[in-house]
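*Asks:* Sequence:
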Amino acid sequence: MDITWHSRRGRQRRANCDAVTIEYTPNYLLAMLVDAAEKSPRSQRFAQHWASNIIHQAISLGDYGGPERLMGIMHQQQKQLRHEYLHEIASYCMLRLDLKSGCFQLLSTGDCQAGIQGSGPIDWLTTPHRANQNLLTRSLNAKRFLRPDIIESTLAPGVSLILCSDGYWSEHLQQQTPFNQLTDDASVLKLAYGKTNLSATTDTDNLIVNYC
72 MDITWHSRRG
82 RQRRANCDAV
92 TIEYTPNYLL
102 AMLVDAAEKS
112 PRSQRFAQHW
122 ASNIIHQAIS
132 LGDYGGPERL
142 MGIMHQQQKQ
152 LRHEYLHEIA
162 SYCMLRLDLK
172 SGCFQLLSTG
182 DCQAGIQGSG
192 PIDWLTTPHR
202 ANQNLLTRSL
212 NAKRFLRPDI
222 IESTLAPGVS
232 LILCSDGYWS
242 EHLQQQTPFN
252 QLTDDASVLK
262 LAYGKTNLSA
272 TTDTDNLIVN
282 YC
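FYI, in our numbering the residues of the sequence shown are 72 to 283.
Since the hints were made in silico from the structure, they are not lab data.
Even for Gly, the Cβ is constructed at its ideal location relative to N, Cα and C.
It is possible that part of the hints are untrue.
[What the hints assert, rightly or not] Subject to a maximum C-alpha distance of 25 Å in a straight line, what follows is the list of computed DMTMM-like cross-link-like pairs (lysine to aspartate or glutamate):
#1 K171 - D194
#2 K150 - D194
#3 K261 - D274
#4 K261 - D73
#5 K214 - E109
[Unchecked claim] Simulated restraints, written as ranges between beta carbons of each label pair:
#6 Q128 - L217: 17 to 23 Å
#7 D220 - Q188: 16 to 22 Å
#8 H154 - S190: 45 to 51 Å
#9 N281 - P138: 43 to 49 Å
#10 D194 - S172: 16 to 22 Å
From just these sequences and the hints, can you work out the full model?
*Replies:* Structure (structure tokens):
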């Protein structure tokens, strides 16, 4: 699997609050992309915590679970957020990809997006949960667990699977703002079948990849 990660802090942000964790096994690939709102000095750590903790808990299942089991893990972990992250909010998109068949599931809440791309524009599979650029209608938070949307599809050879934060798809792609001039944090994870390869361009330590 060819993995590319590109992430950059927005010009109006103190820290890059996007994060991703990937677990790469012979049969499955799990990934969690998180975009935390910059609410406090803990926001960056909150994004990294949710990304890494959910993947770690999912791996402990042994069979890497299914969408409902993954959602159960998230529900249990969400209950613990009030102890350290009571006022934080975030968007996320989780991927469970069967590397043999190409079948995958996406679990998403907030305005992170996922789609597939061949030689043309990205075909978005998810629907962002937001009223406008500054107002989420659904989010990850410590007060209430909201079921993520679940989308199922298949990744074919020659096609890339894209997971990204709203700074990438909204400000960069839709508004056509140059990547180095974005006001919001922007991150994109690209996955495609091919020789095992990892390429990362980021301004902070917000990528974890575990090969098993």
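*Asks:* Output the numbers, in ascending order, of every earlier hint that fails for this structure.
*Replies:* 2, 9
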